[in-house]
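Asker: For reference, the chains in residue letters:
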Amino acid sequence: MSVTDIVFILTAVVTVGSAVVVVVSRSLIYSVFSLLFTFFGVAILYVFLGADFLAGAQVLIYVGGILVLLLFGVMLTHRLYNLNLTTERFQPIAGTLIAAAVFASISLAAFKTKWKLVGEKELEPTTQQIGEAFLSSYLLPFEIASVLLLVALIGAAMLVRRRTDV
Amino acid sequence: MEYLRELLTQQVAGYDQLPEVLQIFLPMLLACLLCLGLVAFIPLVAIWGERKVSAHMQDRLGPMRVGGWHGWAQTIADGVKLLLKEDIVPAQADRLLFKLAPLVVFAGGFAAFVVLPFGESFIVSDLNIGVLYIAAISSLGVVGIIMAGWASNNKYALFGGMRAAAQIVSYEIPTVLAILTVVIPVGSLSMQEIVRAQSGGVFNWFIFQPVTFLAFWVVYLGTLAEVNRTPFDIPEAESELVAGYHTEYSGMRFAFFFLAEYANMFLVSALATTLFLGGWHGPGFLPGPAWFILKATALVFVQMWLRWTLPRLRVDQLMHVSWKVLLPISFLLVLAAGTLALWREGSP
Chain A
45 MSVTDIVFIL TAVVTVGSAV VVVVSRSLIY SVFSLLFTFF GVAILYVFLG ADFLAGAQVL
105 IYVGGILVLL LFGVMLTHRL YNLNLTTERF QPIAGTLIAA AVFASISLAA FKTKWKLVGE
165 KELEPTTQQI GEAFLSSYLL PFEIASVLLL VALIGAAMLV RRRTDV
Chain B
2 MEYLRELLTQ QVAGYDQLPE VLQIFLPMLL ACLLCLGLVA FIPLVAIWGE RKVSAHMQDR
62 LGPMRVGGWH GWAQTIADGV KLLLKEDIVP AQADRLLFKL APLVVFAGGF AAFVVLPFGE
122 SFIVSDLNIG VLYIAAISSL GVVGIIMAGW ASNNKYALFG GMRAAAQIVS YEIPTVLAIL
182 TVVIPVGSLS MQEIVRAQSG GVFNWFIFQP VTFLAFWVVY LGTLAEVNRT PFDIPEAESE
242 LVAGYHTEYS GMRFAFFFLA EYANMFLVSA LATTLFLGGW HGPGFLPGPA WFILKATALV
302 FVQMWLRWTL PRLRVDQLMH VSWKVLLPIS FLLVLAAGTL ALWREGSP
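So the sequences go chain by chain: A and B. No gaps in the numbering here: position 60 of the first sequence is 104 in my numbering, and each next residue is one more. No gaps in the numbering here: position 57 of the second sequence is 58 in my numbering, and each next residue is one more.
Hints in this document: simulated from the structure, not taken from any laboratory. What you were told as hints is all true, and nothing was included just to trick you.
The following label-pair restraints were derived from C-beta to C-beta distances:
(1) K100/B / S149/A: 37 to 45 Å
(2) G175/A / L84/B: 43 to 51 Å
(3) D88/B / L113/A: 29 to 37 Å
(4) D127/B / L113/A: 26 to 34 Å
(5) L101/B / A154/A: 33 to 41 Å
(6) A145/A / L84/B: 54 to 62 Å
(7) S251/B / P185/A: 46 to 54 Å
(8) I89/B / G109/A: 33 to 41 Å
(9) I105/A / R96/B: 30 to 38 Å
(10) K86/B / L114/A: 32 to 40 Å
(11) I89/B / L114/A: 27 to 35 Å
(12) G38/B / L197/A: 44 to 52 Å
(13) W324/B / K158/A: 47 to 55 Å
(14) P288/B / L113/A: 39 to 47 Å
By construction, the Cβ of each residue, glycine as well, lies at the ideal position given by its N, Cα and C atoms.
Please build the complete structure, drawing on both the sequences and the hints.
Answerer: Here it is, written out as structure tokens:
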């Protein structure tokens, strides 16, 4: 087992472990803080895939933006501890069956697919490639995403605006 | 880091016979220890400096006794005192998060030191995404501050934590946009590339270039707000919030917050030095790292100067400055930097 393997396994354990805590924790605040470790784990996995820019963006957007917003939301909530986070209809048998089926199909797909392995490659800067791809061949999806975000922004501003003249 | 590994291989007999794991991990460990030493040492000097600067600005002398010469050992004595104090966790606090929060804040500041370019080969890791990495990893500090504010189970701490989060998230946007105006002409996010692009005399530094000249002020103001210094120190405004998010902390854990604050002051000054003041470039009579530390220290001094000169902003004024003043300016600067880059490309 090489050093890379050990680091990878450690990362995977932390990522999956903290993700499990996010789901099963009975205290909302622990779920959110545990999400921090999941986000970092995913960023390290991106580094393993040679996507350094994506890893940086992952931490910047998910930890710096989304997690902080989630924390804001949670702190404005009234009841935080000992929450019973289940839906009204609790169907353990059907739920377990469907979860097992999904797990089986995903793992089957993962093991059956003939992955194209490229072997060990030198890390190369991806920032420029991503930028050029966004502004040439993927310009339309990029612009659509930005318009969508702009619409969401304007909508949010409209919703919170205090109406004085109605 | 590669440099350190080569040095070890050459200088230490039998180093290349060690197991491969050790050969990789020992330089990492050494580099981490160096950084840790730096993160612990800089605040020691900076805290003493802050007390002296504040004292002289108020026509006092400041610490004069401990250690003899101008009380230089005062911070060491204070540090030892904090270490020896009883470790108190409030009864109603969330114990796990309360203990974790100072570590998260400190780790955020510490991890960013890894990409600081102290000199030509004096950098722990020259990442391709250096600037992005600093912007990303410093958001860990926000999470730690909210964690501290929440876990303390104290209304002042919670208010402080929420204010800090709102402030840091707001000011991060104009700061990162203004940093882009440097990244556009350089064409790289690597810290070393940015410093190399400013070689060849003082007038090649980005602070003396048309668009980036303005960007420097936006970055300096934005980072000042991100490290919660006066006039942006509403997260720990004494007159309203006791001490903000670290109200309930004492002893060693408080020392961690304090260390992180001063380490972050140096960090943002070093970032501004790298981006705008030519990094380790300077006249040849001093080595590169000395110039780098000198420039960053000068910026830290300006931060202290501002703290002891200006009053604190109100919360609404703070948000006004970020969203209605700095943000439009930084958008215009990015536009101008892009236009300039296109124009330069068109007329070589």
